[in-house]
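Peer 1: Sequence:
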Amino acid sequence: MDITTRSARRLRTSSAIALTASLTAAVTVLAPAPAALAKSNAVPTYEVKINLTTAALDSSHNPTSAVKSAFGITGSAKVRSYEYFDTDGLDLDAEGWSVRLRHKSGSSFEETYKKRFPVVNGNIDAALNTANAAGFDSSDTNYDAEVDWGYAKQTLSFSNEKSHSASGYSGTSMPSSSTARTWLVNDTPGKLDDWLSSGWGSDVLTASRAHGPVTSQVWSGAWESSDDASVEVVPVVGASGTGTEYVVELSFKTDDYADAAQLHSDAIAVAEARGWLYRGDVLKTQLILGRY
1 MDITTRSARR
11 LRTSSAIALT
21 ASLTAAVTVL
31 APAPAALAKS
41 NAVPTYEVKI
51 NLTTAALDSS
61 HNPTSAVKSA
71 FGITGSAKVR
81 SYEYFDTDGL
91 DLDAEGWSVR
101 LRHKSGSSFE
111 ETYKKRFPVV
121 NGNIDAALNT
131 ANAAGFDSSD
141 TNYDAEVDWG
151 YAKQTLSFSN
161 EKSHSASGYS
171 GTSMPSSSTA
181 RTWLVNDTPG
191 KLDDWLSSGW
201 GSDVLTASRA
211 HGPVTSQVWS
221 GAWESSDDAS
231 VEVVPVVGAS
241 GTGTEYVVEL
251 SFKTDDYADA
261 AQLHSDAIAV
271 AEARGWLYRG
281 DVLKTQLILG
291 RY
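Mapping to the numbering used here: the sequence shown position 194 is 194, numbers consecutive.
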């Protein structure tokens, strides 16, 4: 092989290397940047909710002394009134949203905008992943994440809480439906407002009406690992539209999954042994939306 041949081969090799480098640079420029890592999942608290039958109530529709003793209920009854706002067709509910106005005696009005995600087969992580993809992650401090753990059903919820002055309102009295609706429309949070399209949430709320109100009594205490135990008794209109039925909800709040699991198991066992357990889940929001 002569010098001319070797030189030509080196030239061709150098040209190929230069072309490859050039193409690599072009691909690098044209290739999309790697997707940013998603925010971490929200960390939920837990509320165990077990329904009891009316066998847990005395003739005045208050929890019996045996129920209070069994579940560490020591406080006196506190009264609260609340109602939900949605259209007749329940457009908010169809998208997993609920909007509630509540008035506890001696307190400001509480406005709660809540988005729910189902927990399937106890897979809370999957529900948190779904919520994260919808924008509900650990970075959004406007919403509190909670797992509601009923008899057989779990639901992940994200709640945005706002308040409104109760000046001029005594006890647990509620404003007119139009006044309440105006408050709620004006305070609609961004995630709800733009859920399906820009301004969707406030538009739906503008077309909504009050479902309720109901006025309940709540007795509080502490039991096992929960220092936030309660029994709520909610009178609701009967399914036929007449008469009164009483929903009895025993609940315990905790920050820890293991504690929630133990509370759930133990509360069911005690209620069942005493003949108080309702074997099912009564969803108050759905009940009130459907009956009022």
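There may be inaccurate statements among the hints.
[Claimed, not checked] Using C-beta positions, here's what the derived DEER-type ranges look like:
1. 265 x 69: 36 to 46 Å
2. 292 x 60: 41 to 51 Å
3. 69 x 190: 44 to 54 Å
4. 133 x 222: 14 to 24 Å
5. 123 x 179: 18 to 28 Å
6. 79 x 280: 35 to 45 Å
7. 129 x 261: 34 to 44 Å
8. 228 x 170: 20 to 30 Å
9. 39 x 255: 14 to 24 Å
[Unchecked claim] In silico DMTMM-like links for lysine to aspartate or glutamate, alpha-carbon gap of 25 Å or less:
10. 68 x 203
11. 78 x 95
12. 284 x 228
13. 104 x 272
14. 68 x 47
15. 253 x 194
16. 104 x 266
17. 162 x 58
18. 39 x 95
19. 68 x 194
20. 104 x 137
21. 253 x 88
22. 68 x 224
23. 78 x 161
24. 104 x 228
25. 68 x 232
26. 104 x 259
27. 253 x 91
28. 68 x 281
29. 39 x 161
Think of the hints as simulated: they come from the structure by calculation, not from any bench. We put the beta carbon where it would ideally sit given N, CA and C, even for glycine.
Peer 1: Taking 25 Å as the top limit, are the C-alpha atoms of residue 104 and residue 228 close enough?
Peer 2: holds, 17 Å
Peer 1: Is it true that the CA of residue 68 sits at most 25 Å from the CA of residue 232?
Peer 2: With a Cα-Cα distance of about 12 Å, the restraint between residue 68 and residue 232 holds, given a limit of 25 Å.
Peer 1: Does the structure keep residue 68 and residue 194 at a Cα separation of 25 Å or less?
Peer 2: violated, 44 Å
Peer 1: Note whether the CB distance of residue 39 and residue 255 lies within 14 to 24 Å or breaks it.
Peer 2: holds, 21 Å
Peer 1: Checking one constraint from the list: CA of residue 162 to CA of residue 58, max 25 Å. Satisfied?
Peer 2: Violated, at about 36 Å.
Peer 1: The hint says 41 to 51 Å between residue 292 and residue 60; measuring C-beta to C-beta, is that right?
Peer 2: About 24 Å separates the Cβ atoms of residue 292 and residue 60, which means 41 to 51 Å is violated.
Peer 1: Taking only the CA atoms, is the gap from residue 68 to residue 47 under or equal to 25 Å?
Peer 2: Roughly 19 Å between the alpha carbons, so the hint for residue 68 and residue 47 holds.
Peer 1: Would the pair residue 104 and residue 266 pass a check requiring their Cα atoms to be no farther apart than 25 Å?
Peer 2: violated, 30 Å
Peer 1: Could one say that the CB atoms of residue 79 and residue 280 fall in the range 35 to 45 Å?
Peer 2: Taking Cβ atoms as reference, residue 79 and residue 280 lie about 27 Å apart, which means the hint is violated.
Peer 1: If I claimed the Cβ atoms of residue 133 and residue 222 lie 14 to 24 Å apart, would that claim hold in this structure?
Peer 2: violated, 37 Å
Peer 1: Run the distance test for residue 39 versus residue 161: straight-line Cα separation, threshold 25 Å.
Peer 2: holds, 22 Å
Peer 1: Within a Cα-Cα threshold of 25 Å, do residue 104 and residue 137 meet the stated pairing?
Peer 2: Violated, because 30 Å separates the two Cα atoms, which is more than 25 Å.
The structure shown violates the earlier hints numbered 1, 2, 4, 5, 6, 7, 10, 11, 13, 15, 16, 17, 19, 20, 21, 26 and 27.
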